[in-house]
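Q: The primary structure of each chain is shown beneath.
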Amino acid sequence: MKFTWFHLMPWPHMPDDFREKHRSVWVDLPSKMYEPERGHGIYHQYLDQLEFAESVGFDGIGVNEHHANAYGLMPSPNIMAATLTRRTSKAALVVLGNSIALYNPPLRVAEEFAMLDVLSGGRLVAGFPVGTSMDTNYAYGTIPALTREKYAEAHDLIRKAWAADEPFAFNGRYTKLRYVNCWPKPIQRPAPPIFIPGGGSVETYDFCLDNTYSYSYLSYSGYLRAKLLMEGYWKRVAERKTDESPYRAGFAQVICVADTDAEAERLYGPHVNYFYNRCLHVYPGFADAPGYRTIKTIQTGALSQFTQAAARDYPNMTWKDLVDGRYIIAGSPETVRQQMEELIKSLRVGNVFCLMHIGDMPDDKVRHSTKLFAEKVMPHLRNLWPDWNNHDDRFWVHPMNERVSLKVAAE
Amino acid sequence: MKSRFLTLKPSGARLQVVEAGKGKDLLYLHGAGGHMPNDPLLAALASKYRVVAPLLPGYGQSTGEDGVRDMLDVTLHALDVLEALKLKKPIVVGHSMGGMIAAEMAAIAHTEIAKLCLLAPAGLWLDDHPIADIFSKLPYELPGLLFHDREAGQKLLTSGVNMEDPEFLKEFLVMNARRLGMAGKILFPIPDRGLAQRLYRITAKTLIVWGREDVLIPPVYGDAFKRAISKSRLVRIAKAGHAVGQERPAVVLKAIREFF
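Protein sequences appear in the order of chains B and C.
For the first sequence, this note's numbering gives the first residue as 10, with consecutive numbering after it.
For the second sequence, this note's numbering gives the first residue as 46, with consecutive numbering after it.
Keep in mind that the hints were calculated from the coordinates and are not lab data.
Think of the CB as a built atom: it goes at the ideal place given N, C-alpha and C, for glycine as much as any other residue.
Any given hint could be a false lead.
Below, computed lysine to any residue pairings styled on SDA-like, alpha-carbon distance capped at 20 Å [stated by the list, open to error]:
| id | chain 1 | residue 1 | chain 2 | residue 2 |
| --- | --- | --- | --- | --- |
| 1 | C | K215 | B | P324 |
| 2 | B | K305 | C | V219 |
| 3 | C | K215 | B | L56 |
| 4 | B | K305 | C | W170 |
| 5 | B | K305 | C | F217 |
| 6 | C | K182 | B | M409 |
| 7 | B | K354 | B | K169 |
| 8 | B | K305 | C | F213 |
| 9 | B | K305 | C | L201 |
| 10 | B | K169 | B | G150 |
| 11 | B | K305 | C | D237 |
| 12 | B | K41 | B | L56 |
| 13 | C | K182 | B | Y292 |
| 14 | C | K182 | B | D37 |
| 15 | B | K305 | C | P82 |
| 16 | C | K182 | B | S230 |
In silico contact screen, one side only, chain B against chain C (beta carbon under 7 Å); selected entries [as the list claims (entries may be wrong)]:
| id | residue |
| --- | --- |
| 17 | A173 |
| 18 | A298 |
| 19 | G300 |
Derived coverage of chain C by chain B (criterion: at least 3 residues anywhere in the stretch with Cβ under 8 Å from a Cβ of chain B; other residues may be distant) [said to hold, decoys possible]:
| id | stretch |
| --- | --- |
| 20 | 138 to 147 |
| 21 | 263 to 274 |
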């Protein structure tokens, strides 16, 4: 098993009447709510937490890209990952990822990911998301129905740029470059391991299988509701007659650990509430621009996680509802261990993206929960895929052997 | 109203063409929402003209949207359709997005289009008068955006459909994604693809019609079109919103008959 400690970096100071005063946490939320001087401390606290996660033994630390929102304050995850290259030495840097259709030219992603891989000594996991509709269409203006074609072309360019040893010409529909010449190149050859965040479209299953990429389902509604979607993925894997390595898949999960189940509710309840009711408060009109998803995907009935969130009655859901419905995995180390084991086995995932900073959770609680998970839960989950020796070389990083020594936090 | 089908070469796009009425040829290009159920404007126009109303790829039963990506693709597609329909010097009428396409056709192929009628066309952008973002609107917001009389508009939009039927709703999601997905190629995120710099090329006799209560594309845009098209006349219609033709079909028909 590989455990990645994942940070969304939300804005933790949305007011109590946020839902009443604002229709959306994304796209048209006035930026005057953001206070830069407070933001200074928050960014550093969040980065400290990612470094702390390495020090207690997480395999990876993760960041991602979002725009025009208070849900996740990383328009450029690469800047965050760059700071982490100098303050960590062991963990994989999981950038999940860069919305490649948004970069002009998308070669920028090939270059910056190569920089991160070189800086970190080959510790980069490269994520290529399409991006949410809020980010890609509404905040960044990409035409919804052309988003996927643009994405596919960008992917093609990036992989060719990493593979080529000589300059070449790229005549795409959206990007035309006479001289593609990627300096620097990544340490990991031919490419860092690549993770694709997906939301249930068959096209994405095939894209992952064609390219040996790991399919990552990022959802906030928990593993029970994810089962149907992941079964669809594994069915496709079986149809394609490829191997069924659990590392072909990953899942994101909100996790809270305390000494007892009751203590978990007392410590984390308010922050979980903040997350589900403020961070996920997306105006339904922004959740899924017409044309963003393919007709085939709509016909399968799969909804984006933000459309699902809008359809759910989070304001009226109690801690008990969220725990019993397994939206979140929360409780004592033993409770969390049992449910994590169920998650990992039932979804057949080799990667878990652990969401342990939740909403407006203060630093001491984040570290408490993280430490308990690392010490009392994670060791019991390490050996769940013995047939695969608990590792699949194709889906994890290959750090170089002789790295320069840095004075880093974790050492 | 009857539909026939037209297959374009070489793309193979198969187009649904609604036809009705007798008289002089009139080509009608619909807006981003497509035809309304029992479209009152088409019915009014068909009382005096031979109305030919092709549906853009992605609308109704028309296919071929994957091969149409930008404004030039859409304009050339519409000119190909016009040619394939073999109409005789038609009045080219376009509403909203259809007006934008009609204006582009008349600018690019100005020798082929002599009579042009633009009903609250899209295609221009004035910073002081931003046009509402139709793509992020929820279904219940549309009647107020399209009609002066919101309740009557609501009835027009949903006549003959059962919004409670889950099968209908699923179909509606697919239909909406197809047509607004297509519309987004020329309207998202800002409905401006450079038409302003081409309007001077229009030589057609042009009637511009605007609802005085249009809250989607405010009437001030009518003045901008009028200034930019040399042989044009602007008619403002009272008690009408953006769907001016559907809300005031008889008045719009009268304006067209008087002008051409």
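Q: Run every hint past the structure and note whether it holds.
A: Here's how the hints hold up against the structure:
1. C:K215 - B:P324: Violated, because 26 Å separates the two Cα atoms, which is more than 20 Å.
2. B:K305 - C:V219: Roughly 9 Å separates the two Cα atoms, so the pair holds.
3. C:K215 - B:L56: Between C:K215 and B:L56 the Cα gap is close to 44 Å, so the pair fails against 20 Å, i.e. violated.
4. B:K305 - C:W170: violated, 34 Å
5. B:K305 - C:F217: Status holds; Cα separation ~14 Å.
6. C:K182 - B:M409: At roughly 51 Å apart (the allowed maximum being 20 Å), B:M409 and C:K182 break the hint.
7. B:K354 - B:K169: violated, 36 Å
8. B:K305 - C:F213: holds, 17 Å
9. B:K305 - C:L201: Given that 20 Å is the threshold and the Cα spacing comes to 30 Å, the pair is violated.
10. B:K169 - B:G150: violated, 26 Å
11. B:K305 - C:D237: violated, 30 Å
12. B:K41 - B:L56: violated, 24 Å
13. C:K182 - B:Y292: The given pair, whose Cα atoms are some 10 Å apart, holds under the 20 Å limit.
14. C:K182 - B:D37: Within the cut-off at roughly 13 Å; holds.
15. B:K305 - C:P82: Outside the cut-off at roughly 26 Å; violated.
16. C:K182 - B:S230: The hint is violated at about 25 Å.
17. A173: Violated, about 28 Å.
18. A298: holds, 5 Å
19. G300: holds, 3 Å
20. 138 to 147: violated (count 0)
21. 263 to 274: Three-residue rule not met by the stretch 263 to 274 of chain C, so violated; n is 0.
Comparing the model with each earlier hint shows violations of hints 1, 3, 4, 6, 7, 9, 10, 11, 12, 15, 16, 17, 20, 21; every other hint is respected.
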